[in-house]
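**Q** Given two chains presented individually in distinct reference frames, assemble the corresponding complex, making use of the accompanying hints.
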Amino acid sequence: MIDILMPRLSDTMEEGAVAAWHKKPGDAVALGDLLVEIETDKAVMEYEAYEAGTLHEILVPEGDQAVIGEVIARIDDGGGTSAASAPAPAETTVPTAEPASVATPADAAAAAGSPTPAPTARRDPHPAPDRERVFATPLVRRLAREHEIDLERVAGTGPGGRIVRADIEDALAHRRPDATEPVAPQSTPLPIPKTSSAPDLRGSTAVPFDKTRQVISRRLAESSSTTPHFSVTVAADVEDLLALRRHLNDLSADSERPKISVNDLVVRACAIALRNTPGVNASFSPNDRGSTLIHERVNIGIAVASDTGLIVPVILDVDQKTVSQIAAEAKELATLAQEHRLSAAQLSGGTFTISNLGMYGVEQFTAIINPPEGAILAVGSALPEAVVRDGTVEARHRMRVTLSADHRIIDGALAAQFLRALKALLENPMTILV
Amino acid sequence: MTVMTYRQALNETLRAEMLRDEDVILLGEEIGVFEGSYKITAGMLAEFGEKRVRDTPIAEEGFTGAAIGAAMLGLRPVVEIMTINFSLLALDQIVNHAAKIYGMFGGQARVPLVIRTPGGGGQQLGATHSQNIELYCAFVPGMKVVAPSTPADAKALLLAAIRDDDPVLFLENLALYNSKGEVPDEDVPAEIGRAKVTRSGSDITVVAYSRMAAVAGEVAERLAETDGIDVEVVDLRSLRPLDRDTVIASVKKTHCAVVLEDDWLTYGIGAEIAATISDGAFDWLDAPVRRVAMAEVPLPYSKPLETAALPSADDAANAIRQTLAAVSRRA
Numbered sequence: 001m002i003d004i005l006m007p008r009l010s011d012t013m014e015e016g017a018v019a020a021w022h023k024k025p026g027d028a029v030a031l032g033d034l035l036v037e038i039e040t041d042k043a044v045m046e047y048e049a050y051e052a053g054t055l056h057e058i059l060v061p062e063g064d065q066a067v068i069g070e071v072i073a074r075i076d077d078g079g080g081t082s083a084a085s086a087p088a089p090a091e092t093t094v095p096t097a098e099p100a101s102v103a104t105p106a107d108a109a110a111a112a113g114s115p116t117p118a119p120t121a122r123r124d125p126h127p128a129p130d131r132e133r134v135f136a137t138p139l140v141r142r143l144a145r146e147h148e149i150d151l152e153r154v155a156g157t158g159p160g161g162r163i164v165r166a167d168i169e170d171a172l173a174h175r176r177p178d179a180t181e182p183v184a185p186q187s188t189p190l191p192i193p194k195t196s197s198a199p200d201l202r203g204s205t206a207v208p209f210d211k212t213r214q215v216i217s218r219r220l221a222e223s224s225s226t227t228p229h230f231s232v233t234v235a236a237d238v239e240d241l242l243a244l245r246r247h248l249n250d251l252s253a254d255s256e257r258p259k260i261s262v263n264d265l266v267v268r269a270c271a272i273a274l275r276n277t278p279g280v281n282a283s284f285s286p287n288d289r290g291s292t293l294i295h296e297r298v299n300i301g302i303a304v305a306s307d308t309g310l311i312v313p314v315i316l317d318v319d320q321k322t323v324s325q326i327a328a329e330a331k332e333l334a335t336l337a338q339e340h341r342l343s344a345a346q347l348s349g350g351t352f353t354i355s356n357l358g359m360y361g362v363e364q365f366t367a368i369i370n371p372p373e374g375a376i377l378a379v380g381s382a383l384p385e386a387v388v389r390d391g392t393v394e395a396r397h398r399m400r401v402t403l404s405a406d407h408r409i410i411d412g413a414l415a416a417q418f419l420r421a422l423k424a425l426l427e428n429p430m431t432i433l434v
Numbered sequence: 001m002t003v004m005t006y007r008q009a010l011n012e013t014l015r016a017e018m019l020r021d022e023d024v025i026l027l028g029e030e031i032g033v034f035e036g037s038y039k040i041t042a043g044m045l046a047e048f049g050e051k052r053v054r055d056t057p058i059a060e061e062g063f064t065g066a067a068i069g070a071a072m073l074g075l076r077p078v079v080e081i082m083t084i085n086f087s088l089l090a091l092d093q094i095v096n097h098a099a100k101i102y103g104m105f106g107g108q109a110r111v112p113l114v115i116r117t118p119g120g121g122g123q124q125l126g127a128t129h130s131q132n133i134e135l136y137c138a139f140v141p142g143m144k145v146v147a148p149s150t151p152a153d154a155k156a157l158l159l160a161a162i163r164d165d166d167p168v169l170f171l172e173n174l175a176l177y178n179s180k181g182e183v184p185d186e187d188v189p190a191e192i193g194r195a196k197v198t199r200s201g202s203d204i205t206v207v208a209y210s211r212m213a214a215v216a217g218e219v220a221e222r223l224a225e226t227d228g229i230d231v232e233v234v235d236l237r238s239l240r241p242l243d244r245d246t247v248i249a250s251v252k253k254t255h256c257a258v259v260l261e262d263d264w265l266t267y268g269i270g271a272e273i274a275a276t277i278s279d280g281a282f283d284w285l286d287a288p289v290r291r292v293a294m295a296e297v298p299l300p301y302s303k304p305l306e307t308a309a310l311p312s313a314d315d316a317a318n319a320i321r322q323t324l325a326a327v328s329r330r331a
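Residue numbers (my numbering), protein chains in the order written: chain S, 1 to 434; chain G, 1 to 331.
Same shape as in the complex, but just chain G (with noise of 0.2 Å):
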C-alpha cells in the first residue's frame, strides 16, 4: 500500500498500462506538450513519445472519433476529454459509433476504447463548464460508465476500464483530484459492474458515487458521533452495469434509503437508484427513498451561489435526519 492523490493514482496507473502493453495509446487535448489541463498524463510524452502520445486539434468529435477506429483496429486509445462538458461534441460518436458498432456489425470488431474525462462543479468555472453529465452515456446500451471515488478505486477502475474491449467512460472528478488515500501496489484490476459498501451500517443506507460517494463516507462517520446513527454507504463504482443486487441487499438490511447525487434531480441517476429500490426492496421499505442533488438551475459563477447550489454534507446529513426521523417512533 502507498498512500497517494487520486490524481497520482491515475498518473502512475496509466504509466504502468503504457508499459505494459503497448497497444494502449493517448489522445486529447493538451496532454503532451502541456502534460494535461490537469496533469494527468504528466510525463507520459517524454517516456512514451509522440506515437502513443498525441496532442489533438480541439475537436473533440474528431478524435474521438479517431480513437473509435483505432481501437476497432486493434489499439486500446485512452482519450481525454478536457472536461465531461466538451464530451457533448463527441456525444454522436459515443452514442451513434463507440455503443453500437459491437452490436450493430454483428460483432465483427470490438470497440476496446476508454474516454477519461472529468465531471463536477465547485470551481466557479461557470455553468457550462461545471456539469455531470455522466447520465448521458450511463443511459446508452452498449456503453459503460465507471466513477471511482477514491484513488485506490481510480486504479483499480482504470486497469479494468484500460483492459475492458468495451468503450468505457471514465468519470474523474475536478474535487477528487487532490483527495488522498491508500492505494493497493498490485495490479489488480476492479470488476466493472460492482458496487462497494464501503461502510457497513444498520440504521439507513446512502447510495453515491464519485464525489459524492466521498461526502457520504464523511458524513456517516460524522452522523455516527453526533446523532448515533449507523449509515450504511454503497459506493455504486459503475454506473453502467448498474449493481442493483448491492443496493437492493443493503436496503433489505435496512429498510431505509437516501441517494445523494451531483447532478440534477429529475430523471437523474438518483431516479434510477430510487426506482431499483422500489422494485427490487419494496416490501422491506419503511420510508420513501429521499434524493439530494443540485439545484436544477444552471450552476451559478458567484461562489455563494455555487456553494447553495451544490450537494453539502449538511444536506445529506439532514436528507438522512429526516427519513430517519420518519421511521422511529416519535414521544
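Chain S with its partners taken away, still in its complex shape (with noise of 0.2 Å):
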C-alpha cells in the first residue's frame, strides 16, 4: 500500500484543499496519471501519480484540506492490505524454547494486517475508538506531546511502522525555519470580537473565506503585527514620463510589441533603484539574533486584483529585462491570474512589491509589506496638480509613491535615499530605459 501524502506545491503553503478527485477508489492508476487537483493559497495544481496501482481509498474529499504530509489518499500496489513496512525480522536473540516470549505486540500487530480505517474518522480531535493504531515508541509519544506533532502525520520506519526518535526528529527539523528564508513567528490568534446571543441587526451573511482570502488574513495580519511598518510618500513629476510611453506605445503601433503601462515603466524604474539601494532589496531573519537577508536578485511582486482576491505574481530579474520585456511578463501573469492558473515557480522568490492604485484614481496610499520582504511600493494615480515652475504655476501630471518599509532593517534615511533615486528616474524616463 503506497499513501499519497498532500504535496508542497509552493513554499508559503502550508495545507492544501483537495479541488478535484480524478480517480474514485477502484480505478487503475498509472504512472503520470492525473490523480488530484490540490488547491494551494497561491493556485489550483494537477498532482500526478508517481506510482502504479489501484486507488483504494480516498481519505480527504473533495474541498476538504489536509496540511502539507498527511496522507490524503492510498494506492494499492498489489501488495494487499498489508503495511508498506516489511513485518519485523524473526526474533533470534534468545536461544529459548519460547521465541514468542519477547516478540512486542506492536510488531505482531503489524504484520497481521491493518484495518482499514474510517475516512470520516480521520481529523476528527477525538479519534473514533475503531480507528487504527499509531504505533510509535513511548519516546516518541511524549517528544511528540511536548512539541505538538501529530503522529498521524510522520511516517514510521521501525519495525512494523513504528514511529521512532529519528522519524520524529525528522519532523522536527523540517518545523525549524529555513536558514535563508526568514519565517514569521507564529502569531497568537487575533483576538475575535466576542459573539453576543443578541440578535445581528446588521443583516449580516458571512461569506466563508476561500483559500486565497485565508492566506490574505493570516499572511498580512501577521505581517502587520510583527513588522514595524512605517512609510514615506513622495511625488514625482511624470509628464515626461507620460510623454515617453505615449511615443514607445506610438511607434510600436503596429508591431507585435506589448503596449507599455506606467506600472511597467515604474517595475522597471524600482528595479535600478533597488540595485542602487541593495539595502532595500532586503529581508529581515531572526537567526543568529537577527541580520538583515541582502538579496542579489532583484525579483518583483506585482499586486494584482483579481476574483478570489489579491495575488501577487512575481517577475524574476527585473534589472535585467527591458521594459517590453517586463510588459509582456506582467500581462502574461496577470492573464494566468485571473484564471488561477499560476504555477509555484511564479509566485515565489520575491524580493520587493508593487502594489498600484493608480488606474482607481487612487492619490497616494499605504501599503502592508508582502512578507518576508522588506518593503512595498504603493503606486498613486498620475495626476494633473499645479505646479510651481520657474515662479510660474503650471499644470504637470504628478504620481505620489509611498514605501512601506520594515524598520527593523531599513531605516527612514535609506527609504529616503531608495525614494529619492526612483523619483530622479521616474523623472527622466530615457534613464529607465538605458
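Don't read these hints as lab results, they were simulated from the structure.
None of the hints are false.
Pair by pair, the computed Cβ-Cβ distance ranges are: (1) G/Ala275 with S/Arg142: 11 to 21 Å; (2) G/Asp227 with S/Arg408: 42 to 52 Å; (3) S/Phe209 with G/Ala275: 47 to 57 Å; (4) G/Asp227 with S/Arg153: 29 to 39 Å; (5) S/Asp210 with G/Asp245: 53 to 63 Å; (6) S/Arg8 with G/Phe139: 56 to 66 Å; (7) S/Glu62 with G/Ala275: 42 to 52 Å; (8) S/Arg142 with G/Ala59: 53 to 63 Å.
Source: prediction; values computed, not measured.
We put the CB at the ideal spot given by N, CA and C, even for glycine.
**A** This is the structure we're talking about:
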C-alpha cells in the first residue's frame, strides 16, 4: 500500500485543499495519471501519480483540507492489505524454546495487517475507538506531546511501521525555519470579537474565506502585527514619463510588441533604484540574533486584483530585463492570475512588491509589506496638479509613491535614498530605458 | 594497584579480613584440608587453625544453620557453599531464618552472615551443577545479594559483605575465577546496592552482572570497533538491593536497553530490569527492552549443546544490533 501525501506545492503553502479527485476508489492508476487537483494558497495545481496501482481509498474528500505530508489517499500496489513495511525480522536474540515470549505486540499486530480506517474519522480531534492505532515508541509519544506534533502525520520507519525517535526528529527538523528564508513567528490568533447572543441587527451574511482569502488574512495580519512598518511618500513629476510612454506605444502600434503601461515603467525604475540601494532589496531574518538578508536578485512582485482577491505573481531579475520584456511578462502573469493558473514558481522568490491603485484614481496610499520581503511600494495615480515651476504656476502630472518599509532592517534615511533615486528615474524616464 | 585473578582477590581479601577481625570465621565443605574446591580458602587452615576454619559434613542446611546461630551471637561467619546448586539444600535456613530473624524478632539480633558460592555453567558439570539460581535469594526481602564481575569488585564487595550486619549471598562465578584485573591495594569496601557504569556510551544501555557483565564489556569494545556502536555498560554488582536509579538514568540517556543474564529468561533477573526500565524510563524508551538469557532447558552436558544453550557474546552483539536497527532510520 502506498500513501499519497499532501504535497508541498509552494514555499508558503502549509495546507492544501482537495479541489477535485480524478480517480475514485477501485480505479487503476498508471504512472503519470492525473490523480488529484490541489488548491493551495496561491493556485490550483494538478498532481500526478508517481506510483502505479489501484486507488484503494480516498482519505480527504473534495473540498476538505489537509496539511502538508498528511495522507490523502492510498494506492494499492498489489501488496494487498499488508502494511508498507515488512514485519520485523524474526527474533533470534534469545536462544529459547519460547521465542514468542519476546516478540512485541506491536510487531505482531503490524504483521497481521491493518484494518481500514474510516475516512470520516480522520480529522476528528477525538479519535474514534475503532481507529487504527499509530505505533510509536513511548519516547516518540512524549516528544510529540512536548512539540505538539500529530503522530498521524509522521511516517514510521521502525519495525512494523513504528515511529521511532529518528522519524520524529526529521519532523522536528523540517519545522525549523529555513536558514535562508525568514519565517514570521507563529502569531497568536487575533482576538475575535465576542459574539453575543443578541440578534444581529446588521442583516449580515457570512461569506466563508476561500483559500486565497485565508492566506491574505493570515499573512497580512501577521505582517501588520509583527513587522514595524513605517512609510515615506514622495511625489514625482511624471509629465515626461507619460510622454515617453505615449511615444513608445505610438512607435510600436503596428508591431507585435506589447503596449507598455505606466506600471511597467515604474517596475523597471524600481529595479534600478533597488540596485542602487540594495539595503531595500532585503529581508529580515531572525537567525543568529537577527540579520539582514541582502538579496542578489531583484525579483519584483506585482499585486494583482483577481476575482478571488489579491495575488502577487513575481517577475524575476527585473533589473536585467527590458521594459517590453517586463510588459509582456506582466501581462501574461496578470492573465494567469485571473484564471487561477499561476504556478508555484511564478508566485515565489519575490524580493520587493509593487501595488498600483493608480487606475482607480487613488492619489496615494500605504500598503502592508508582503512577508518575508522588506518593503513594498504603493503607487498612486498620475494626476494633473498646479505646480510652481520657474516662478509660475503650471499644470503638471504628478504621481505619489509611498514606500512601506520594515524598520528592523531599513531606516528612514535609507527609505528616503531609495525614493530619491526612484523619483530621479521617474522624472528622467530615458534613464529607465538605458 | 596489583594485577591478580578474581580467585586471588577473593583469597587475599578473606585472609585480610581474618587478620583484621577475629570474629570472622570460615565454614564449608572441604575448605580446610583440601583448601576449597576452587582454592579460595587456600592457606587458611594452616594460618588460622581449626577453630576459625571449619571443615563441615556434607550437610548444607546444618552448617548454614550453625553459621546463622553463630552470627546471631556475634561472630561474622563466611560460609562457602561449594556451588550455588547446593544452596537449594540450605534454602530454608536462608529464606526462613537468615533473612527473617532481624525483622521477625523486633531487631533483637542481626545476622552478619556471608554465604560465598559460585554459580555458572559452561564447565560440563551437568544440569544440576551448572545453574544460576541467585534469583531465589535475590527474591527474598531481608537478604542481600552481590555479584562481582571483576577482581577489583570481588575484593570491594567481599569487604563490604563481611562488614555488613545483614546476611549477604556473595555470588561468584566459575568462569570468572581465572579472569585477571587490577585490584586496589587499599581495603576500600564497596557500597552494597550501588551499580556501576563500567563503560560510558551514548547509543544503547547494556545491563548485566557477574559473568555477563564481563561479556558486556567485551561486546561493547568489539561493537565500537566493528559497528561504530557506542554501548553503555551498567554492571549491577548488587541484585538486592537493586540500584534502579543508575539503570534508569542510563536508559534516559540512550533510549534503549538490552539485558544480559545467565539465568533463564522467564521470571528472571532481566524481567525485573525490564520492568524497572518500563517504570522509570517509559517516556524515554525508543524500543522494547530486549533480554538475552540461557535457553529454557536443563543445561546439557554435551559440550556443543551446552555452548548453544548458554548466552554468548554473539547473542549479545546481535541483540544490540537488532535493537539499534529498530530505532535508527532505515533507507
